[in-house]
Structure formats: structure tokens, C-alpha cells
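Chain by chain, the residues:
There are 2 protein chains.
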Amino acid sequence: MGLLAWQSQIKRAEKSLNGFTDEECLREIAPGKNRIIYLYGHLIGVHDELFEILGLGSRLHPGYEELFLTSPDKSGKEFPPVAAIRQAWSDVHARLDAAFDQMKAEDWFARHTRVTEEAFAREPHRNKLNVLISRAEHVAYHLGQIALAKK
Amino acid sequence: MGLLAWQSQIKRAEKSLNGFTDEECLREIAPGKNRIIYLYGHLIGVHDELFEILGLGSRLHPGYEELFLTSPDKSGKEFPPVAAIRQAWSDVHARLDAAFDQMKAEDWFARHTRVTEEAFAREPHRNKLNVLISRAEHVAYHLGQIALAKK
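Chains as they are written, first to last, in our numbering: chain F, 8 to 158; chain G, 8 to 158.
Bound conformation, chain F alone (with noise of 0.2 Å):
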């Protein structure tokens, strides 16, 4: 369920950013707010960071982190193209689900690789399920913000 709950809002996210034409991706979200293209970096960043997370192997795109999680939008740190954006979206999505494509019901029970063994033994909640909810939750977060440039 929480698998679906994530399939859903990237299902969502991919309807709301293919709404957008790569010119309208350069658009802030409010005016003096992030930019469109800024957020959509900053989810793959963010969903290209589960491999490690989860433990199924390495990012795709790890200079994605510099550019669209530790430096804030407008940093003067130069963007891929909108296209390459978009690319980055499908191949770090469509790699990420057939992972989860081979994970057992029990794996999504097990610890994340960001929690150590004692931490995980107080806080068994702290399983890879309990992440990828997280990352659901995060997209909508954004989402309710992208959907606010929509003309």
C-alpha cells in the first residue's frame, strides 16, 4: 500500500511536469520562489538518493545533489537542459521500479540503510516502507507547489 501510495503520486508528478513545455519549466512557482525546473531537479535528486537509501545500489545522477539539494534554486550553479531534467526523471523512475519490481513484501520490513542496527532495534518502524512513504509525501509537498504556476 505504501508502494501504491508512491506509484501514485509519481504518476501524479509526471502528469503535473509533462503539463509544462521546458520553456514553462523556467517559471517560479510564486513570484521570488523556486523555479519549476529547480523542484523537478530536486525530486529526481531526492528519488535517485533511494537506491543507496534502500540499499540497491548506486545513484545515476549524483552531481544532481550539489545542483538541487544542497544549494537553494538561483544558486548561479548552472542547470542541465530541461530535456536532460526530463531524461534524468524517466531513467532514475523507470530503474527505481524495476528494483522494487524484486523486492519481497518482507524486504520493505527491513532496515534502511541510513539507520543503525540499535537505532532500527528501538524504532523498528524505521524500515524501507516508512522511507518511501516519507518520499511519497514529499513529491505531494511539491506538487501542491508546482500546481500553483499552472496558468
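Rather than coming from a laboratory, the hints here were simulated on the basis of the structure.
Keep in mind that this is a model prediction, so the values were computed, not measured.
Don't take each hint at face value.
Since the list gives no way to pick one copy over another, a pair counts as held whenever it fits inside one copy or between any two copies.
Claimed, not checked - Pairs of lysine-lysine residues, derived as BS3-like cross-links and limited to a Cα-Cα distance of at most 27 Å, are as follows:
id	residue 1	residue 2
1	Lys-157	Lys-18
2	Lys-84	Lys-18
3	Lys-40	Lys-22
4	Lys-111	Lys-158
5	Lys-40	Lys-157
6	Lys-158	Lys-18
7	Lys-157	Lys-84
8	Lys-84	Lys-40
9	Lys-158	Lys-22
10	Lys-40	Lys-18
11	Lys-81	Lys-158
12	Lys-111	Lys-84
Here the structure of chain F is known, so what remains is to put chain G in place on it, guided by the hints.
Showing chain G alone in chain F's frame:
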């Protein structure tokens, strides 16, 4: 875990909404967009509906549906004062908490009242927990918007 996701979103929402004075709640989240007070009432109205959807009793504030769910902001309809909205938030969530405390784990996997038995047989994930997870995402969606109103 779905319950934890819900509780954590409600806590975040309270922190965010309590961070605005009553007067600041009349601010728009972005120029020409919904005001905080509308989203505040909107979340209460949606959560008040949970009593019926989850079979926990009847709503506390049925009037919120017309004000905050079926009408847009600035419909010309008079809203309750912010203090009353804050009180409604507390009442609805305290009563939801109490009702959730009485539920057993298996209750969450039962059919909710808005899905027919036939549809539930075909799609057994349409249970009460699924409703709660989707409401937690709905909170996140609007919290992302409310965050834009912070100065």
C-alpha cells in the same frame, strides 16, 4: 506505519499553522491564490469527513463542507473567525486520535464506507489505511503551499 505518516503530517501542519497569527492567516499563499484561512478550513473539512468514511461516527462541523470543500476561497461566503477554526482543528483531531486509538490493526484493512463490497472484493487495497495515507499526502500537498506564505 500509515498511522505514523498521518500523525507526523498532522504535527507538521499544526506547527506550520500555529506559526501564523490570526491576522497572517488572511494572507494569500501567493498573489491571487488561496488564503491560509481557506486551506486551514479545507484541511479540517476533509479530516472531519473521515469520521464518516472510516465509519467512526458523524462529522463535528458539517458546515465546513460548503465553506471549504465545495466552494472556492473568496466565494463571498463568510468564514468563521480564525480562533474558531483553530478550535475546530483541535476538536476534530482530538476526536480522530481517540477513535484511532480504539481501532485494532486489522480494522485498518477493512473496507471504507465509500467503496462498495463488490469493488472492495476486486480492489482490496481500498481499505481504511489507504484512505488515511492519501489524506496524509493531501496535508503534505497543502503544507507545501502554506510554506510559501512564510516571510
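Taking the hints in turn, this is what the structure says about them:
In this assembly of identical chains, the alpha carbons of Lys-157 and Lys-18 lie at most 27 Å apart only when taken from the same copy (18 Å versus 29 Å across copies). Neither within a single protomer nor between protomers do Lys-84 and Lys-18 lie at most 27 Å apart by alpha-carbon distance, with minima of 29 Å and 35 Å respectively. With identical chains, the CA atoms of Lys-40 and Lys-22 are at most 27 Å apart both within one copy (22 Å) and between copies (21 Å). With identical chains, the CA atoms of Lys-111 and Lys-158 are never at most 27 Å apart, being 43 Å at best within one copy and 45 Å at best between copies.
Taking the shortest alpha-carbon separations for Lys-40 and Lys-157, both the intra-copy value of 14 Å and the inter-copy value of 11 Å come in at or below 27 Å. Taking the shortest alpha-carbon separations for Lys-158 and Lys-18, only the intra-copy value of 21 Å comes in at or below 27 Å, while the best inter-copy value is 32 Å. Proximity of Lys-157 and Lys-84 under a CA criterion of 27 Å is satisfied in both settings, with 26 Å inside one chain copy and 26 Å between copies. For a Cα distance limit of 27 Å, the shortest separation of Lys-84 from Lys-40 inside one copy, 17 Å, qualifies, whereas the shortest one across copies, 30 Å, does not.
Proximity of Lys-158 and Lys-22 under a CA criterion of 27 Å is satisfied intra-copy only: 15 Å inside one chain copy versus 30 Å between copies. In the homo-oligomer, the alpha carbons of Lys-40 and Lys-18 lie at most 27 Å apart both inside one protomer (24 Å) and across protomers (25 Å), since each shortest distance falls under that limit. Within a single copy, Lys-81 and Lys-158 get their C-alpha atoms as close as 23 Å, and across copies as close as 18 Å, so both meet the 27 Å cut-off. For a Cα distance limit of 27 Å, the shortest separation of Lys-111 from Lys-84 qualifies neither inside one copy, at 40 Å, nor across copies, at 52 Å.
Comparing the model with each earlier hint shows violations of hints 2, 4 and 12; every other hint is respected.
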